[in-house]
Amino acid sequence: MKLTGIKHGNTIELSENPNIPDGTQVVVEVKQVETMTIEEKLEKMKELLERPWEGREDFVQTMAEIEREREMAYEKKLEALEK
Numbered sequence: 007m008k009l010t011g012i013k014h015g016n017t018i019e020l021s022e023n024p025n026i027p028d029g030t031q032v033v034v035e036v037k038q039v040e041t042m043t044i045e046e047k048l049e050k051m052k053e054l055l056e057r058p059w060e061g062r063e064d065f066v067q068t069m070a071e072i073e074r075e076r077e078m079a080y081e082k083k084l085e086a087l088e089k
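As numbered in our numbering, residues 7 to 89 make up the sequence shown, in order.
Everything labelled a hint here was simulated from the structure, so no lab data went into it.
Fair warning: this is a prediction, and the values are worked out from it, not measured in the lab.
Just to be clear, a hint being listed does not mean it is correct.
Cut-off 25 Å, straight-line C-alpha distance, at most; resulting in silico cross-link-like pairs (BS3-like, lysine-lysine) [what the hints assert, rightly or not]: (1) 37 <-> 8; (2) 13 <-> 47; (3) 82 <-> 8; (4) 83 <-> 8; (5) 37 <-> 47; (6) 50 <-> 37; (7) 52 <-> 13.
Modelling step: build the complete structure from the supplied sequences, incorporating the hints.
Here's what the structure looks like:
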């Protein structure tokens with residue numbers, strides 16, 4: 007399981023609820039994430055969209071897999087809310 011979070015003092019606030027019971031011992035590997043400026047993100051998006059789509063089936067497949075995972079996570083959240 008891989009989660010992201012933000013450090014606040016000695017606390018790391020997770021971006022999502024991993025559904026791990028309180029009191030469970032876990033191992034945490036900390037890696038600093040280099041963030042891009044909005045300008046850098048826009049430039050990368052522009053470069054991506056300017057290239058032809060032919061020969062990039064792997065990209066399309068990756069996007070489809072991300073969408074499936076997003077839908078599954080959404081369904082899990084709905085199920086948890088219904089309980």
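Against the structure, the hints:
no.: 1; hint: 37 <-> 8; in the structure: holds (12 Å)
no.: 2; hint: 13 <-> 47; in the structure: holds (23 Å)
no.: 3; hint: 82 <-> 8; in the structure: holds (17 Å)
no.: 4; hint: 83 <-> 8; in the structure: holds (17 Å)
no.: 5; hint: 37 <-> 47; in the structure: holds (21 Å)
no.: 6; hint: 50 <-> 37; in the structure: holds (23 Å)
no.: 7; hint: 52 <-> 13; in the structure: violated (31 Å)
In summary, the one numbered hint that this structure violates is 7.
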